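Asks: The opening residue of the sequence shown carries number 1 in the numbering used here; numbering runs sequentially from there.
Hints are not guaranteed to be accurate.
Claimed, not checked - Pairwise CB distance ranges, derived in the manner of DEER restraints:
{"hint": "1", "residue 1": "K107", "residue 2": "I41", "range": "29 to 37 Å"}
{"hint": "2", "residue 1": "G67", "residue 2": "N90", "range": "22 to 30 Å"}
{"hint": "3", "residue 1": "S118", "residue 2": "S43", "range": "27 to 35 Å"}
To be verified - With a straight-line Cα cutoff of 27 Å, these simulated DSS-like cross-link-like pairs (lysine-lysine) come out:
{"hint": "4", "residue 1": "K92", "residue 2": "K117"}
{"hint": "5", "residue 1": "K44", "residue 2": "K107"}
{"hint": "6", "residue 1": "K79", "residue 2": "K117"}
{"hint": "7", "residue 1": "K32", "residue 2": "K74"}
{"hint": "8", "residue 1": "K92", "residue 2": "K60"}
To be clear, the hints were calculated from the coordinates, so they are not data collected in a lab. Given the structure is predicted, the values throughout are model-derived calculations rather than measurements. Think of the CB as a built atom: it goes at the ideal place given N, C-alpha and C, for glycine as much as any other residue.
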Amino acid sequence: MINVDFKNIDDLLTAFPNEQACLAHLEQLRWKDGPVSPFYIYSKVYCCRRHLYRCNTTNKYFNVKTGSVFASSKMPLQKWFVAIWLCAVNPKLNSIELSHTLEITQKSAWYLLKRVKSVSSIYITTSKTVATESKNKKDCVISSENEALLMSDWLNRLKKEI
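Please construct the entire structure, taking both the sequences and the accompanying hints into account.
Replies: Structure, rendered in structure tokens:
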């Protein structure tokens, strides 16, 4: 993996030029040692065609998106990656801005934003206690500049190998 941050959306789109590149990268991230069935992890997995697999135990088909935030979405992964990057860069991003950037409907942008933020809220860490007035209060850190944010680590893994 490369350690250079994406400076803009064009860098992201250059790293992931099409759906196949996005799927291949997700497979590499999710299954380092080959595909694993989300239905039964000890089952043998058969490759049916490119990026589609079958669990031998349950006879169910799956792909890398099954059981993830990308599951049952017809939105291209490229747009998902851009939405994740935009949410990490601008935590106050709203669905209207996202819809204009991705050139999708506001309803789709709202759905996308909701799913990205629901997943990213799991990874938000709390910062150390702020001095003086808020001794017992903890502030949520959303920017990657402060305490390590696992969402930004995930975004770093979205970078394509050179």
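Asks: Decide, hint by hint, whether the structure agrees.
Replies: Results for each hint:
1. K107 x I41: 29 to 37 Å: holds, 36 Å
2. G67 x N90: 22 to 30 Å: holds, 28 Å
3. S118 x S43: 27 to 35 Å: holds, 29 Å
4. K92 x K117: holds, 10 Å
5. K44 x K107: violated, 39 Å
6. K79 x K117: holds, 15 Å
7. K32 x K74: holds, 25 Å
8. K92 x K60: Roughly 39 Å separates the two Cα atoms, so the pair is violated.
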